[in-house]
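Using the sequences and the hints, build the whole thing.
Protein chains: 4
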Amino acid sequence: MGEYFKNVPVVKYEGPKSTNPFSYKFYDKDRIVRGKTMGEQLKFAMAWWHTLCANGVDMFGSATQDKSFGTSDAMDLAKAKVYAGFEFMEKLGIDYFCFHDRDLAPEGRTLEESNENLAKIVDVVAEQQKLSGKKLLWGTANLFGNPRYMHGASTSPNVDVYAYAAAQVKAAMDATVKLGGHAYVFWGGREGYETLLNTDMGLELDNMARFFKMAIAYGNKIGFDGDFYIEPKPKEPTKNQYDFDAATALNFLRKYDLLDRFKLNIEANHATLAGHTFQHELAVARINGAFGSVDANQGDELLGWDTDQFPTQLYSTTLAMLEILKAGGFTNGGLNFDSKQRRGSFTLEDTALAHIAGMDSFALGLLIADKIIEDGRIGDFVDKRYASWNSDLGKSIIAGNESFESLSAIALKNGEVTTNISGRQELLENIFNQILVSGV
Amino acid sequence: MGEYFKNVPVVKYEGPKSTNPFSYKFYDKDRIVRGKTMGEQLKFAMAWWHTLCANGVDMFGSATQDKSFGTSDAMDLAKAKVYAGFEFMEKLGIDYFCFHDRDLAPEGRTLEESNENLAKIVDVVAEQQKLSGKKLLWGTANLFGNPRYMHGASTSPNVDVYAYAAAQVKAAMDATVKLGGHAYVFWGGREGYETLLNTDMGLELDNMARFFKMAIAYGNKIGFDGDFYIEPKPKEPTKNQYDFDAATALNFLRKYDLLDRFKLNIEANHATLAGHTFQHELAVARINGAFGSVDANQGDELLGWDTDQFPTQLYSTTLAMLEILKAGGFTNGGLNFDSKQRRGSFTLEDTALAHIAGMDSFALGLLIADKIIEDGRIGDFVDKRYASWNSDLGKSIIAGNESFESLSAIALKNGEVTTNISGRQELLENIFNQILVSGV
Amino acid sequence: MGEYFKNVPVVKYEGPKSTNPFSYKFYDKDRIVRGKTMGEQLKFAMAWWHTLCANGVDMFGSATQDKSFGTSDAMDLAKAKVYAGFEFMEKLGIDYFCFHDRDLAPEGRTLEESNENLAKIVDVVAEQQKLSGKKLLWGTANLFGNPRYMHGASTSPNVDVYAYAAAQVKAAMDATVKLGGHAYVFWGGREGYETLLNTDMGLELDNMARFFKMAIAYGNKIGFDGDFYIEPKPKEPTKNQYDFDAATALNFLRKYDLLDRFKLNIEANHATLAGHTFQHELAVARINGAFGSVDANQGDELLGWDTDQFPTQLYSTTLAMLEILKAGGFTNGGLNFDSKQRRGSFTLEDTALAHIAGMDSFALGLLIADKIIEDGRIGDFVDKRYASWNSDLGKSIIAGNESFESLSAIALKNGEVTTNISGRQELLENIFNQILVSGV
Amino acid sequence: MGEYFKNVPVVKYEGPKSTNPFSYKFYDKDRIVRGKTMGEQLKFAMAWWHTLCANGVDMFGSATQDKSFGTSDAMDLAKAKVYAGFEFMEKLGIDYFCFHDRDLAPEGRTLEESNENLAKIVDVVAEQQKLSGKKLLWGTANLFGNPRYMHGASTSPNVDVYAYAAAQVKAAMDATVKLGGHAYVFWGGREGYETLLNTDMGLELDNMARFFKMAIAYGNKIGFDGDFYIEPKPKEPTKNQYDFDAATALNFLRKYDLLDRFKLNIEANHATLAGHTFQHELAVARINGAFGSVDANQGDELLGWDTDQFPTQLYSTTLAMLEILKAGGFTNGGLNFDSKQRRGSFTLEDTALAHIAGMDSFALGLLIADKIIEDGRIGDFVDKRYASWNSDLGKSIIAGNESFESLSAIALKNGEVTTNISGRQELLENIFNQILVSGV
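Chains as they are written, first to last, in our numbering: chain A, 115 to 554; chain B, 115 to 554; chain C, 115 to 554; chain D, 115 to 554.
Some hints here could point you the wrong way.
For lysine-lysine, the following DSS-like pairs were computed, each having C-alpha atoms within a straight-line distance of at most 27 Å [said to hold, decoys possible]:
#1 D:K527 to C:K335
#2 C:K353 to D:K353
#3 B:K353 to D:K353
No wet-lab data here; the hints were simulated from the structure. These numbers come from a predicted model, not from an experiment.
Structure follows, in C-alpha cells:
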C-alpha cells in the first residue's frame with residue numbers, strides 16, 4: 115500500500131520553543147491535566163471527509179488539492195483512503211475518526227451496490243483498526259449530497275425519498291456498530307426549506323420525528339447502546355434548517371419525547387452562523403443534559419457561510435474547554451476535526467500542519483482552562499456574585515416556598531435595591547488575558 | 115382636557131385612489147374578509163410607549179418629538195397621555211392598546227408610591243375605557259429600564275432584585291386584570307448575559323421558570339384566565355437573551371412544563387434579528403400550538419438593531435397574514451404596533467401618518483392573503499407536492515407501522531428515486547407578485 | 115441540432131390576468147415607457163454560465179439539473195450550448211447575452227488549445243448571431259475557477275500566474291470584440307486575500323492597476339471602444355475582495371487614474387452582501403459618473419452568501435429602475451440575469467419559468483417606477499425638501515462664496531434652527547405601496 | 115476641587131504576575147520597544163465623553179453609573195469633569211485626551227452662549243494642561259446629538275442647519291488650536307440617509323465637500339497645521355452613513371481633491387460593523403497614505419451595533435499594532451479609548467479597571483507584534499511568497515514595460531503554471547499562537 119503522506123513525518127511533542135513545523139508545541143498526549151491524560155481529555159478525531167476526500171473545490175473554483183492517492187478507480191480509491199487515513203492518524207497520533215457512509219465508500223449504481231461497497235470497505239477499516247487500535251468516534255449517513263435529497267431526506271415531501279433515506283441510515287448504523295462506534299450523528303443539511311411558499315413545516319417535522327424513532331428502534335435491535343446526536347446548523351445549504359441551533363433541536367427532542375436517547379453534537383462554526391458563540395451552544399447543551407460531542411473548527415464571523423477552518427482562536431478553544439470540563443468531559447463524544455485546510459494551503463503537508471495547528475490550539479485551550487480554574491479568581495468572583503441565592507430568601511425561592519405576594523411584601527419592606535455589585539466584565543477579561551499569555 | 119393631536123383629523127376609509135394622506139386607502143374596518151370584519155381580523159392595538167412616550171431619542175441624539183402634551187409634572191403627564199391616547203385611538207379607529215406599567219404611570223420614589231401612581235392612572239384609563247369602549251390587548255411590566263435590573267430581573271444574580279421584580283409584576287398583573295386585559299406579556303430584555311465569564315446560566319433559567327410559575331399561581335388567584343406570552347428577542351439590549359427566538363422559548367416552556375399556560379408574542383423585527391423571517395417565527399409558534407399575539411413592526415435587514423419601523427413591506431405583511439389565518443386568526447391576541455415613527459418624522463402628524471401606513475399595509479396583507487387563498491394556485495401546488503403522504507405507504511409511516519427494515523426493503527425494490535417533482539419556487543414567487551399587483 | 119428546451123414554448127405577453135405559466139404578464143416588449151420600448155429600457159441579457167452551464171451543484175450536493183444537452187464531449191457540448199442558448203433567447207424574446215471565456219468553450223490541455231477552443235466556438239456564436247440578430251452585452255474571462263488562480267490572478271503573488279491571466283484576458287477581449295460586445299467586465303473573485311498574515315495588499319493592488327492599464331492599451335489596439343466594468347463584490351469565494359463595493363472600486367479607479375475608461379457593473383446580491391441596498395450601489399455609481407451595467411438577481415438578506423436568485427422582489431426592482439432612469443438609462447450596459455434557478459427547481463422548464471419571473475419583475479419595476487414619476491408626490495416632496503439650497507444663501511454656498519466666518523455670523527444672527535421639516539418616511543413608503551398595488 | 119475617583123489609586127506597572135487589579139501587568143510606560151518608549155508607541159488618550167460623561171444609558175435603560183461628580187449645575191459639572199478628568203489621567207498615567215465640544219461644555223440657550231460656555235471651559239482645561247503636561251490628541255464638534263441635526267449637519271437638506279454646523283465647527287476648531295491639538299476629527303453620524311426615497315445623495319455629498327474645504331481654509335487662517343481626520347462608520351445612528359468605511363471615505367476625499375489635508379481616524383468597532391477587520395481598515399488607510407489615528411475599542415461580531423467595548427482581544431490588538439508599526443507609528447495621532455465600561459460595570463473603579471484592561475491589551479499587542487517581527491518566520495514567509503516580483507519579469511511588469519501581447523507570448527511558452535506555493539495559513543496562525551503564549 116505504500117506511503118501516502120510522504121513528506122509528513124511522525125509528529126511528536128517538542129515543547130513550546132520548537133520551531134519544527136511538524137511538531138506539537140503544546141499537545142503532550144500523556145501529560146496529565148485535571149486527572150486525565152491530554153489524549154483522554156481531548157479525544158481528537160480525524161474527519162474522513164475533509165482529511166481524505168476534500169480537495170479544495172469551492173463554489174467558484176475546482177480542486178487545488180490532490181487526494182487521488184494514486185488511483186482513479188472508485189473502490190481502489192476508497193481502499194487507498196483507508197490506508198492513507200490510518201497512516202495519517204498514526205503519524206499525527208490521533209486515536210479516533212468519524213465518517214459518512216459515502217466518503218467511506220462510493221455510491222454504486224444501485225442501492226444494493228452502494229450497500230455492498232460500504233460493507234466491503236468497512237471490512238478493510240475493521241482490519242486496520244485491529245492492527246492499529248484506532249477507534250471510531252461516530253458514524254453518519256450522507257443524506258444531502260445526492261440529488262434525490264434535494265428537497266430533504268427524512269423531511270422530503272416524497273415518501274420514496276424517505277424510504278431511501280431509511281435504507282441508507284440502516285446500513286450506516288450497521289457500519290457504525292460493526293466498527294465499534296459509540297455514537298451516531300444526524301446532520302440535517304437538507305432538512306429544512308427554501309421557501310415556506312411550498313412547504314408544510316408541521317408535517318415535515320412530524321415525519322423527521324418518526325424517522326428518529328425508527329432509528330432508536332433499529333439501534334435497539336442491533337445492539338447499539340451508544341448516543342444519537344443531532345448536529346444543529348441554522349442554514350447552508352438549505353435556507354432554513356430545522357435544527358437551527360441547540361435550543362431549537364432541544365425543543366424538537368422534547369416535543370417528540372426523544373431526549374432520553376438523543377444528545378447534541380455542537381459545531382463551533384455552526385454556532386456562529388446561528389448568531390451564538392461556540393461556548394454558548396456548549397452551555398445550552400450542558401444545562402439541558404444534552405452535551406454529547408464536538409465538531410471542532412472555527413468560522414470567520416465576518417463571513418456568512420461555513421468556512422470550517424481549523425481552530426486556532428485560543429479564546430474560543432479555551433472557553434470551549436472550560437464548558438466541556440464543566441460538563442464532566444467527554445464520555446461517548448470527542449473533538450472531531452470537521453475542518454478543512456484552506457484552498458490555498460494545497461499540499462498534503464498542509465493537511466498535517468493544519469491538524470497540528472488545531473490540536474495545539476485545543477491543547478492550549480485545555481491548559482489555559484486548567485490554569486483559569488487553578489487561579490481561582492474568576493470562579494470565586496462568580497460564586498460571590500450569586501451568593502444571595504444561598505441566603506434564606508434565596509433558598510426559600512428555590513424550594514418553591516415563595517409567591518408574588520410574599521416577595522412583594524419583602525420588596526416593599528426592603529425599599530430600593532442597593533445590593534447590586536458590579537459585573538466586572540473588563541476585569542475578568544483582563545485576568546483571562548493575563549493567564550493566557552503567562553505560559554503553559 | 116383639550117385636543118392633543120390638533121392637526122390630526124378623524125381618519126376614514128377613502129379607497130385606493132385617495133390622495134388624502136389622512137385617509138385609509140385599504141383598511142376598511144367593516145369590510146368582511148374571510149368571514150370576519152377587517153377590524154376583527156386585524157385587531158390593531160396602539161403601543162402606549164411608542165405612540166405616547168417615545169420622543170426620537172437614540173443612542174447618539176436627544177428628543178426630536180414633543181410628547182410632553184403640555185405639562186412637565188410626571189403625574190399630570192401620565193393623565194394627559196391617557197386623554198391623548200384615547201383621542202388618538204378614536205381618531206384613528208383603533209380599538210385596542212397595550213402598556214408597560216412604567217409608561218402608563220411614572221416610577222415613584224418608593225415601590226409603594228410607584229404602585230399608587232399606577233393604580234391612580236389605571237382608574238383614569240378605566241374611566242376612559244368605559245366612555246369609549248376601547249379595550250386592553252395586553253399589559254406588561256417594564257423590568258429592564260431601571261438600573262436595578264442591569265443584571266436581569268427574574269434572572270438577576272441578586273435575590274433582592276428578584277423580589278422587587280415579583281412585586282412589580284404583581285402590580286402590573288393587577289392592572290391588567292382591572293382593565294380587562296386577556297393577556298400578559300413577558301419580554302426579557304435583561305434576562306440573559308453580557309459575558310458567560312460571570313454568569314451561571316443554569317441557575318438563572320431555573321429561577322426564571324420559578325418566577326413564571328409564581329405568575330401563573332398569582333394569575334389563578336386573581337381570576338386571570340387569559341394567556342401569558344413570552345416575547346422572544348435574541349439580543350439588544352443584552353448580548354444574549356434567553357428567549358432568543360420562538361424555538362428557544364418553546365424549549366424553555368417545555369423543559370419547565372409551562373406550555374399549557376404560555377404562548378408566544380411574535381415580533382417581526384425580533385424575528386429578523388434572530389436570523390429568521392417574521393413568517394418563520396409565526397409558523398414555529400403555530401405548529402407548536404403556541405401562537406398568541408403579534409408585535410407588528412419591521413426591521414431593516416441590513417441593520418443589526420431593533421429599528422421598530424412601522425410595517426410597510428407588503429411581502430412581509432401578506433405572508434404574516436397567511437400564517438395568522440392558518441393559525442385560525444387571533445383569539446386573545448392582536449396586532450400591536452410596537453413601532454416608532456422615524457426620528458426625522460418628528461411631528462404629531464407623523465405619529466398618525468405612520469399608523470396609517472402600518473394599518474394600510476396590514477390591511478393589504480390581509481386582502482392579498484385572501485386573494486392568494488381564493489386564487490388557489492399556490493395552495494393546490496403544495497397539496498400536490500405532499501400527495502405521496504396520502505398514499506398507502508405514506509399513511510403507514512404516519513401510522514407508525516413502518517421500520518428501517520421495512521422501508522429498506524421497499525427502497526431496495528424501488529431502485530433509484532424518480533418521483534421527485536420541481537419545487538417551482540420562482541413560479542410561485544411570480545404568482546405571488548401577479549396577485550400582489552392585481553388590485554384589491 | 116434539434117430542439118433543446120422541448121417543453122418550453124415561445125413565451126409571449128398575455129397580460130396581467132393570464133394564468134399561463136409560460137407567458138409574460140407584464141413584460142410587453144414593444145410597449146413604450148418613458149420614450150423607449152420596454153425592450154430598450156430593460157435590455158435583458160442571458161448569462162451563459164447560469165442558464166446553459168449551471169446544474170444545481172452546491173457545496174453540499176451534486177447536480178440536480180441536466181445541462182448536458184445530449185452529449186458528453188466537451189467541444190460538442192460547447193456547440194450544443196450555443197444552439198440551446200440561441201433557442202432559449204429566441205423562445206423567451208431575450209436580445210442579449212453575456213459570457214465568460216470558459217463557459218463558452220472548455221479549457222484545453224494547454225493555453226494554446228484553450229485559445230483555439232474559444233476561437234472555434236466564437237465562430238459558431240458569430241454565425242448564430244448573424245442568423246438571429248442576438249447581441250453580446252459583454253464578455254469576460256474566468257480568472258477564478260482554475261487552481262492556478264487560487265491566490266489571485268492579476269493580484270497573484272506569482273508572476274507566472276499574472277502572465278497567464280494576461281494571456282487569458284487578451285483572448286477574451288479578442289472574442290468580445292469579434293462578437294460585437296460593447297463592454298468587457300472584470301470580476302475579481304480571487305483578487306483579495308484569505309489572511310493578511312501572508313499578504314502584501316499594496317503590491318497586489320498596484321499590480322491590479324498595471325493589469326487594467328494593459329487592458330486599456332490592448333483594447334485601444336484592437337479597436338475596442340466600449341466600456342470596461344469592474345463588478346464589485348465584498349467576499350466569496352475570497353475572504354476579502356479588493357473590489358468590496360462601488361465606493362471601494364471607485365477609490366481604486368481614482369487612485370490609479372482609470373476612471374475615464376472604467377465604469378461599474380452593479381450586482382444586486384453583491385450589494386446586499388456588502389451591507390448595502392441594490393439601489394444604494396446604483397446611486398453611488400450614478401453620482402460618480404460610473405453607472406455602467408447591472409447583474410440582475412437578488413440575494414436573501416438572512417443568508418451570508420451569494421444566492422443569485424432570480425429577482426422577484428418588486429421593491430428592489432422598482433427602486434433600481436428609478437435609479438437607472440435617473441442615470442439616463444442604459445447605454446452600453448443592460449440587465450444581465452446573473453441568476454440561477456433554485457437547486458430544487460431542477461427542470462429545463464424551470465429555467466424558463468425563472469427567467470419569466472425575473473423579466474416580469476423588472477418589467478413591473480419599470481412600470482411602477484414610471485407611475486411613481488408620473489404621480490409626482492414623491493418627487494415633489496424631495497424638491498421641496500431641498501428648496502433652501504435654491505435660496506440666496508444656498509446658492510452662495512454652492513458658488514463657493516461662503517466661509518466658516520460668514521456662516522457663523524449668519525447662524526449667530528438666525529438663532530436656533532426652526533426651519534426643519536419632517537422627512538415623512540412613513541408617508542412616502544405608504545404612497546409607494548399605494549402605487550405598487552394600483553395596477554399597471 | 116477634591117478627589118473624584120476616590121477608590122482608584124495611582125496605577126503602576128507591577129509586571130505579569132501581579133494580582134493587584136489596579137496595576138499594569140504589561141504596560142510599562144518607559145520600556146523601550148522598537149526604538150521608542152511604550153508610552154510613545156501607544157500614545158493612549160482618554161475620551162472625554164465615555165470616561166467623564168457616559169453613564170450607562172442605553173436604548174432600553176437609564177443610567178447605572180454616577181458621573182455627576184457632586185454637582186447638578188451644568189457649568190459646575192463641566193468644570194468638575196475637567197478636574198476629574200485630569201485626576202483620572204494622572205492616576206492612570208495617560209498623557210492625552212480627546213473631546214467633542216458638547217461633552218466639554220454644555221450647550222447654552224443660544225449659539226452665542228454655547229460658544230461662551232465652551233470658551234470658559236477651554237480656559238479651565240488649558241490651565242490644567244499647564245499644570246500637568248497632559249496634551250490634546252484631537253478635538254471635534256458634536257454635530258449629531260441636537261435635534262437640529264436630525265437630517266444631517268453638513269449634508270442637511272436645510273441650509274440653516276448647514277450654517278449652524280459651520281459655526282459650531284469654527285468654535286470647536288478654535289478650541290482645538292487653543293489647547294494645542296494637532297488633529298481635528300469629523301465623524302458623520304448624521305451625514306447619510308434613512309431612506310433614499312427622500313434624499314438627494316449627490317447634492318448632499320457635494321455640500322459635505324464644500325464644508326470640508328471651508329474647514330481647511332479656516333484652519334489655514336487660524337494657524338492650524340495639523341491633520342484633519344474623517345472617522346468612517348457605516349451605519350448607526352443613521353441607516354447608511356456616507357463615510358461607510360476607509361475606502362469609501364478615500365473615494366470621497368479623492369473625488370473632491372481633499373486628500374492632501376485629510377487622513378483617517380480608524381475605529382475598531384466601526385471596521386467590524388462595515389464587514390471588515392480592524393487590521394483591514396488600518397491597512398487600507400496605510401496603503402493609501404492616509405493613516406492618521408485610532409479609536410481603540412472593540413465590538414462584538416455577533417452584535418450589529420457599536421458596543422464600544424474596551425479592547426481586550428489580543429489577536430486584534432496585535433494585528434493592529436503590526437499595521438501601525440508598518441505605517442511608521444503615530445505622528446499626530448494616537449490610541450483614543452472610544453470605549454465605554456459595560457452598563458453592568460457601574461462603579462468608578464470599573465472606569466479605571468476598564469482602561470487598565472484596554473491599556474494592558476494594547477501593550478501586549480505591541481509586545482507580541484515586536485516578538486513576531488523579531489521571530490521573523492512570518493515576515494520571511496511573506497518575502498519569499500512574493501519573490502517572483504523581484505525576478506526580471508516581475509521588475510519589467512512593475513516598470514511598465516510589458517503588455518498583454520508580451521505576457522501572452524510568455525504564458526504560451528511557459529505552459530501551465532507549476533510555480534504556485536502553499537499560502538500556509540494554518541502554519542502561520544499556529545506560529546502566531548506560539549508567540550502569543552510564549553511570554554512577554
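Verification of the supplied hints:
no., hint, in the structure
1, D:K527 to C:K335, "holds, 23 Å"
2, C:K353 to D:K353, "holds, 25 Å"
3, B:K353 to D:K353, "holds, 21 Å"
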